[in-house]
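Start from the sequences and build out the full structure, keeping to the hints where you can.
So the sequence lines, in the order shown, correspond to chains A and B. One point on numbering: in this note's numbering, the residue at position 96 of the first sequence is 96, and numbering is uninterrupted. If you want this note's numbering, it's the position in the second sequence, counting the first as 1, plus 249.
Hints are computed from structural coordinates only; laboratory data are not their basis. Among the hints, erroneous ones may be present.
Below, a list of computed lysine-lysine pairs in the BS3-like style, where the Cα atoms sit at most 25 Å apart [unchecked claim]:
#1 A/Lys9 <-> B/Lys475
#2 B/Lys307 <-> B/Lys422
#3 B/Lys459 <-> B/Lys475
#4 A/Lys86 <-> B/Lys295
#5 B/Lys459 <-> B/Lys510
#6 B/Lys510 <-> B/Lys473
Listed next, the stretches of chain A that the computed footprint assigns to chain B, with coverage defined by at least 3 CB atoms under 8 Å from CB atoms of chain B [stated by the list, open to error]:
#7 69 to 81
#8 177 to 190
#9 193 to 202
#10 221 to 231
#11 234 to 243
Every residue gets a Cβ at the ideal spot worked out from N, C-alpha and C, and that includes glycine.
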Amino acid sequence: MRGDIRHPKELEAMTSLQKNPLFSASAKAFSKWLEGAPAVAHSLSRKFPVTDRTHPRLFSLYRTAAERMEMSQSCPLFLDFNYDIKAEVLGYNKQCVLVLTSASVEILSDDELLALLGHELSYIKFDNLKYLGMFRALDTLPLPRTAADALVAPFLDWMHAAEYTADRAAAWAAGSKAAVIGMLRAAMGLDSATPEIRLDQVSYESVPELPDTAATIIGRTLLKHLIDQTDCPWGVDRIHELSMYEGID
Amino acid sequence: MTDHVYVPADFQHETDRLLMEKVNESSTLESLRQFLADNHIEAIYKYYYQSSYINVTKEMAPKITDMLERAARMFGLENPPRLYLTRDYLSGASVNGSSEPFILLSTDLLSRIDDDQMLWGVLASQTAAIAAGHHFMNYLLWIKDRVEELIPLNIIPKVQEILKPLTSAGLNKWAQWRTCSLDCAFYLATQNFPLAVEQIFLQRMSNTHKALFHLGKSEDKYLKQKEEFMNGSVLSNVSQTVNMFLRDDAWLPVRYRELEKFVNSKGGSRE
Chain A
1 MRGDIRHPKE LEAMTSLQKN PLFSASAKAF SKWLEGAPAV AHSLSRKFPV
51 TDRTHPRLFS LYRTAAERME MSQSCPLFLD FNYDIKAEVL GYNKQCVLVL
101 TSASVEILSD DELLALLGHE LSYIKFDNLK YLGMFRALDT LPLPRTAADA
151 LVAPFLDWMH AAEYTADRAA AWAAGSKAAV IGMLRAAMGL DSATPEIRLD
201 QVSYESVPEL PDTAATIIGR TLLKHLIDQT DCPWGVDRIH ELSMYEGID
Chain B
250 MTDHVYVPAD FQHETDRLLM EKVNESSTLE SLRQFLADNH IEAIYKYYYQ
300 SSYINVTKEM APKITDMLER AARMFGLENP PRLYLTRDYL SGASVNGSSE
350 PFILLSTDLL SRIDDDQMLW GVLASQTAAI AAGHHFMNYL LWIKDRVEEL
400 IPLNIIPKVQ EILKPLTSAG LNKWAQWRTC SLDCAFYLAT QNFPLAVEQI
450 FLQRMSNTHK ALFHLGKSED KYLKQKEEFM NGSVLSNVSQ TVNMFLRDDA
500 WLPVRYRELE KFVNSKGGSR E
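This is the structure we're talking about:
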């Protein structure tokens, strides 16, 4: 893997987040809160473990993705019965698990699956799980409401840029940008089975940044809510950004 | 194909129209609009859709964009609405937005549509919904749900107060009845009663099962069930009424009945 996988905007947003005094205080609280997180136990009880015996093909792809990302250790992989195309890492540190939906396995090609797995593994590789968990849990963190609200904007900026980094890592895991684009496009509803749509003609335009005036706490809180509900947040913008990455074909 | 231009009065269900009037007459609507403008809510909404959903263009789907252009002419819109795609199979087709309305179409629904007339009817009825202003009502519904849920009262103490008249005006009830307007617009666009009935069941039955029911035709095997529903006991009527308050989707037999009434009023027939 090349050294330029981490998107400059992500590093910038991370630095800005870490300098925020509210962030430092809440990160400590969050680490304590997550210690002994039940993600593994929760997955063991509700989802299906992927091993070389239960699902050899998928397990082999998972190992390939981890090897290509130069990760000596990954975390347990589980399958969840779900119509969405997505994967997510749940938990924190050694307590984490990677959960992949059944629709992803049914619809995506092997290369696209490598991309999806690589995307999620990047959060582990770059030690971003704590931040990812905090972003997801901002609404329920044991923080004063106004403090949590004040963190929404810097977290959104980081989360957006972290997707760029994860997409670059996904391209390395899959061996091409095309596989990542195929995966993102499928997550947004377009795959080879979608009728009436010419996939080769789909365009991914750059989306203008939100004006600073729109960065009110209310606006950002609603945006976070919308993003939380989306399987492929910023998908169009991410494809546009990835297409400009020169680290891999 | 017809060059006739329809206005909302041609297809809008009376309950839909009355409820929308009530909401639009609300004295607090202007202050809500101001609140949304001050907080750039529409800009955020637009940014979110543009960055996270695929916008259908002429290059990628000429048949669909041609239909949208035709639908815009038929229902009197200056420009065809934007169409975004989503994987979410529960979404079906819907309209949303404020000054720049758009259609959101699930690709799961798209894959269920196996003929051009059905595709045309679905796109035309959603375009008609925009002509009737449903997009703004859906936008208000979203704001109502999200703002009440997310915004702390100590920051915006008046939000709930501003939104109260909207709630009492019956937005949830409106969400049920507006589907009847869409069914009528579908019929106007296609002039095909069986197809209009079929689209009521589009997301509820597989195409194979729909064919077995001969929906909307003289030998329609769903009619008996519809009559039983409409002429149920007092107890089942109470149950239906209670459920109407709890759910925001209209009952299929009610939609079927209202469509029949509309088609009869236009001198149409089953076949």
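A quick look at each hint next to the structure:
1. A/Lys9 <-> B/Lys475: Status violated; Cα separation ~58 Å.
2. B/Lys307 <-> B/Lys422: violated (36 Å)
3. B/Lys459 <-> B/Lys475: Distance ~15 Å between B/Lys459 and B/Lys475 Cα, so the pair holds.
4. A/Lys86 <-> B/Lys295: Cα-Cα ~24 Å, so holds.
5. B/Lys459 <-> B/Lys510: holds (22 Å)
6. B/Lys510 <-> B/Lys473: holds (17 Å)
7. 69 to 81: It is violated: at least three residues are needed, and the region 69 to 81 of chain A offers just 0 whose Cβ sits closer than 8 Å to chain B.
8. 177 to 190: It holds: at least three residues are needed, and the region 177 to 190 of chain A offers 6 whose Cβ sits within less than 8 Å of chain B.
9. 193 to 202: Coverage by chain B holds here, the residue count being 9 at a Cβ distance below 8 Å.
10. 221 to 231: holds (count 8)
11. 234 to 243: holds (count 4)
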